[in-house]
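Colleague: Chains as they are written, first to last, in the numbering used here: chain A, 1 to 359; chain B, 1 to 328; chain C, 1 to 293.
Since the hints were made in silico from the structure, they are not lab data.
Below, computed lysine-lysine pairings styled on DSSO-like, alpha-carbon distance capped at 30 Å:
{"no.": "1", "chain 1": "A", "residue 1": "K73", "chain 2": "B", "residue 2": "K36"}
{"no.": "2", "chain 1": "A", "residue 1": "K153", "chain 2": "B", "residue 2": "K36"}
{"no.": "3", "chain 1": "A", "residue 1": "K167", "chain 2": "A", "residue 2": "K320"}
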Amino acid sequence: MSGVSIESVFKRYGAVQVVHGVDLTVEEKEFVVLVGPSGCGKSTTLRMIAGLEEISDGEIAIDGRVVNRIAPKDRDVAMVFQNYALYPHLNVAENMAFGLRIRRMPKDEVKKQITEVAEILGLTEYLERRPADLSGGQRQRVAMGRAIVRHPKVFLFDEPLSNLDAKLRTQMRAEIRRLHNRLGVTSVYVTHDQVEAMTLADRIVVMNDGNIEQVGTPMELFNNPVNTFVAGFLGSPPMNQIQGTLTDQGAQIGGHELRILGAASGQTGRDVVVGIRPEHISLEAGPETSPLPIALDLVEPLGSEALLHGSFGDTPMVLKVDTHGDVAHLSGVSEIHVPADLVYLFDAETGGAIRGQAN
Amino acid sequence: MSDEHTASIPKTEKSNVEVRHDRRNERLTWLIDHFKREWQIYVMLAPAIIWFLLFLYKPMYGLQIAFKDYSIFRGIDGSPWVGWEHFGTLFGSDQFVRAVWNTIKISALNLLFGFPAPIILALMFNEILNATFKKTAQTIVYLPHFISSVIIAGIVITAFSPSAGIVNTIIGWFGFEPIYFLTKPEWFRPIFIGTGIWQEAGFGSIVFLAAIAGVNPSLYESAVVDGANRWQMMWKITIPSIMPTILIMLIIRIGNIMEVSFELIILLYQPATYATADVVNTFIYRQGIQGGQYDIAAAAGLFNAVVAFVLVMTANSISKRFSRTSLW
Amino acid sequence: MQNMNLYSRGDKFFVKINMVLVALFTISTLYPFIYIAAMSFSSGFAATSGKVVLTPIQSTLAAYNVVLAEPEFWRSYLNTFIYTIGGTIMSLLIVIPGAYALSRPQLLGRRFWNLLVAFTMWFNAGMIPFWLNMRDLGLLDSYFGIIIAFAVNAFNIILLRNFFESIPSSFEEAARMDGANEFQILWKVYMPLSKAAIATITLFCVVARWNGFFWAMILLSDESKIPLQVYLRHTIQRLSDDEEFTTTLITAPYSVETVTAAIIICSIIPVLLFYPFIQKYFNKGILLGGVKE
Chain A
1 MSGVSIESVF KRYGAVQVVH GVDLTVEEKE FVVLVGPSGC GKSTTLRMIA
51 GLEEISDGEI AIDGRVVNRI APKDRDVAMV FQNYALYPHL NVAENMAFGL
101 RIRRMPKDEV KKQITEVAEI LGLTEYLERR PADLSGGQRQ RVAMGRAIVR
151 HPKVFLFDEP LSNLDAKLRT QMRAEIRRLH NRLGVTSVYV THDQVEAMTL
201 ADRIVVMNDG NIEQVGTPME LFNNPVNTFV AGFLGSPPMN QIQGTLTDQG
251 AQIGGHELRI LGAASGQTGR DVVVGIRPEH ISLEAGPETS PLPIALDLVE
301 PLGSEALLHG SFGDTPMVLK VDTHGDVAHL SGVSEIHVPA DLVYLFDAET
351 GGAIRGQAN
Chain B
1 MSDEHTASIP KTEKSNVEVR HDRRNERLTW LIDHFKREWQ IYVMLAPAII
51 WFLLFLYKPM YGLQIAFKDY SIFRGIDGSP WVGWEHFGTL FGSDQFVRAV
101 WNTIKISALN LLFGFPAPII LALMFNEILN ATFKKTAQTI VYLPHFISSV
151 IIAGIVITAF SPSAGIVNTI IGWFGFEPIY FLTKPEWFRP IFIGTGIWQE
201 AGFGSIVFLA AIAGVNPSLY ESAVVDGANR WQMMWKITIP SIMPTILIML
251 IIRIGNIMEV SFELIILLYQ PATYATADVV NTFIYRQGIQ GGQYDIAAAA
301 GLFNAVVAFV LVMTANSISK RFSRTSLW
Chain C
1 MQNMNLYSRG DKFFVKINMV LVALFTISTL YPFIYIAAMS FSSGFAATSG
51 KVVLTPIQST LAAYNVVLAE PEFWRSYLNT FIYTIGGTIM SLLIVIPGAY
101 ALSRPQLLGR RFWNLLVAFT MWFNAGMIPF WLNMRDLGLL DSYFGIIIAF
151 AVNAFNIILL RNFFESIPSS FEEAARMDGA NEFQILWKVY MPLSKAAIAT
201 ITLFCVVARW NGFFWAMILL SDESKIPLQV YLRHTIQRLS DDEEFTTTLI
251 TAPYSVETVT AAIIICSIIP VLLFYPFIQK YFNKGILLGG VKE
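Generate the whole structure from the sequences, applying the supplied hints.
Modeller: In structure tokens, the structure reads:
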């Protein structure tokens with residue numbers, strides 16, 4: 001199977017360690033996204049798979065073969081770079097052919113490959129152009145084409161969309177996913193953008209400070225984050241996190257009692273972090289909700305929804321509510337209602353999840 | 001990606017000796033691996049390094065003859081040591097002391113007149129609005145930089161010739177007697193420095209023009225709004241803005257004070273003008289190459305090189321302090 | 001800003017004065033060349049009696065006939081081409097791969113090698129040890145000696161190394177993943193990406209080689225191997241000492257001055273032909289090398 005397996009991999013630069021023992025298995029045909037803030041070791045991990053960085057310790061295997069001491073060119077992987085790395089002196093066809101020519105593939109075979117891939121990517125009419133004469137999206141496609149023509153076992157993407165503007169990014173994101181569905185090649189994709197991670201991935205790997213925080217499908221991670229870091233990283237706007245203590249019924253935060261379904265019993269008095277997703281609150285009381293006072297200072301209309309910026313006590317809060325076509329009434333909001341079944345609890349000290357969402 | 005994150009390296013439970021042994025083996029396999037993988041860059045590097053060793057570092061080994069009684073037959077290694085004798089001889093010789101002073105005087109004059117010239121020229125170019133005129137003028141003033149010193153000397157010799165030269169022709173129009181410029185010590189420095197300005201001021205202005213081009217245009221726009229005229233803008237905006245460049249170039253010049261373009265001096269001077277024209281390098285040339293006194297000439301060269309080295313290093317560290325930009 | 005109509009009266013005056021001054025400097029830069037050209041086409045008598053100012057007096061090709069009739073002139077011209085072309089190729093063959101290797105982060109001892117190169121910009125053994133070394137290496141009076149001994153200089157290597165370092169590493173990494181080895185990366189990726197920088201050092205080399213005089217004079221005693229610059233120098237010296245030339249005949253078709261001028265013109269012509277190419281690149285080049293951050 002042409003998956004990638006990473007076993008307790010470390011990366012050190014001299015005395016500085018940047019990846020602290022990463023374990024990860026990427027299944028065949030799977031699209032895995034490594035996501036995390038800059039400096040979390042995600043790019044380093046990707047570059048170790050590519051062979052562009054040496055592995056200080058541990059083992060990486062591609063398609064069942066350990067590649068630690070195998071040169072990048074012999075690993076049968078292809079990479080799409082953040083800045084595309086298209087050769088400015090070569091036209092699109094020559095750029096895509098570069099790797100094949102180096103590998104001494106016969107000319108007509110090269111031509112066939114390029115024609116085929118250009119077709120898939122809609123680049124047929126641009127084959128004679130130089131990268132400088134292409135738009136951002138087209139360059140991005142050429143960069144992918146260059147990877148695809150080689151028919152590698154694994155595609156590696158290093159933040160390939162971060163140089164595009166927001167609109168194009170959304171478009172190319174969908175295109176990458178469609179392409180994956182069509183070609184079914186094992187892919188490892190690095191990004192710092194959690195939306196990209198959520199939309200593209202079969203499985204997301206959240207990294208922080210050189211460690212893997214959590215691995216799972218996008219919805220698993222969204223619904224059951226294992227700690228405050230993952231909880232705060234996925235979701236937009238991020239989850240609101242408020243210090244509190246456990247009670248019989250739920251949690252005590254800033255002098256208010258919050259009812260929480262299934263709160264760990266018998267741990268009354270434990271310090272916790274209470275997590276509330278911005279979109280989970282409502283403005284009207286329901287059967288299983290507890291009210292929280294909120295001091296609102298800004299309403300940002302987004303159209304069908306609006307973001308409410310304010311604070312609960314000293315804790316800044318961002319909330320997301322439906323506008324129903326009008327935001328005028330939102331500026332008067334002074335109280336929100338938190339459903340008892342949609343509250344997250346984390347240990348105040350370790351940040352680990354005490355319980356996930358009830359569903 | 002360079003994550004600045006310190007962390008503990010996993011500890012092993014082996015003895016120190018074992019660990020050290022393992023490390024050495026690990027290092028060795030790593031090295032073998034490295035050279036297997038990267039031998040090509042070492043092949044690429046080799047010719048350059050061999051060249052440097054053979055043509056620049058091997059002569060440094062030969063510099064020891066400055067402390068030896070060198071004879072061609074005994075060779076560098078076989079010649080006996082004489083300590084600082086040659087340096088004593090040098091500093092006791094009027095000729096050498098004169099050459100050192102001449103070097104410093106010519107450099108100082110060059111600094112005084114030759115250094116501001118390209119800056120002034122760059123400022124003047126900056127005030128020209130007609131693009132075609134500017135480009136043509138620049139093309140012409142850059143040209144002499146690319147002309148060899150032999151040709152420059154040929155032009156100077158012809159132009160200053162007592163009977164045929166244009167300079168004496170013009171002097172003649174005013175009823176003066178022709179002057180034998182190139183045989184008069186008092187005329188050597190003005191001619192040499194003037195030639196230097198003629199040859200290099202244009203080309204030297206490129207650096208300053210680039211610095212001027214880097215000045216934020218909105219500074220000028222706001223000055224116009226404030227009612228400044230061109231002259232004021234030049235003094236209040238352009239010159240302060242390019243001051244870092246000026247300082248760096250000045251420091252480089254001071255660092256190179258021992259380097260006088262002696263090629264041109266050799267071509268222009270004659271025994272009659274040695275009094276002002278003979279510099280350290282021409283002295284070395286005459287003593288060593290022409291006179292065969294290799295050891296004394298090498299000592300003079302060593303003196304020159306050490307002074308130059310100290311000056312350049314000082315200049316570099318000063319410029320670092322000024323601009324946080326190192327020259328190399 | 002470039003709109004003259006916005007200028008005050010004082011500014012307009014300032015700009016005009018400035019233009020006149022620049023024009024004067026430009027003319028005085030150009031004048032010596034015109035003067036020498038005029039001299040080379042004048043008769044010996046006109047030249048010697050100081051009549052030549054701007055245009056040829058008693059136009060004649062006599063000086064050129066003297067110069068072009070000398071087989072040594074042609075020989076030295078050919079030699080200059082050999083030294084220029086051979087030397088430049090040799091430079092590029094050593095400097096380009098060397099600069100590339102020095103720019104590679106994986107090069108072991110990179111700092112040391114770079115220092116080894118840079119140190120030669122600060123400290124030089126000087127004329128005598130260099131000359132003795134050339135003699136010991138058996139490179140006196142040899143074409144190869146001239147071509148190899150001045151092939152490299154630290155400035156060019158560092159200039160090019162800096163340029164290579166400024167190329168985003170992803171180009172190299174992409175090529176590496178495509179299976180290119182170091183030579184292929186240099187040849188197919190880095191060199192095409194560095195055309196401007198390579199052109200610049202090529203031009204520096206060509207100009208330095210074409211104009212090289214001092215060491216050629218010292219290292220070559222065989223007249224059949226000397227380049228044009230040395231020939232020019234020898235000729236000027238020889239003519240000044242020559243009895244026939246120092247006597248001023250009214251009928252003299254040529255003189256020291258006209259012959260010197262003719263050789264100067266002959267050796268400037270290739271530089272002038274090459275000059276437009278130089279111009280295109282040296283602006284960039286001098287800035288590339290100037291100050292490193």
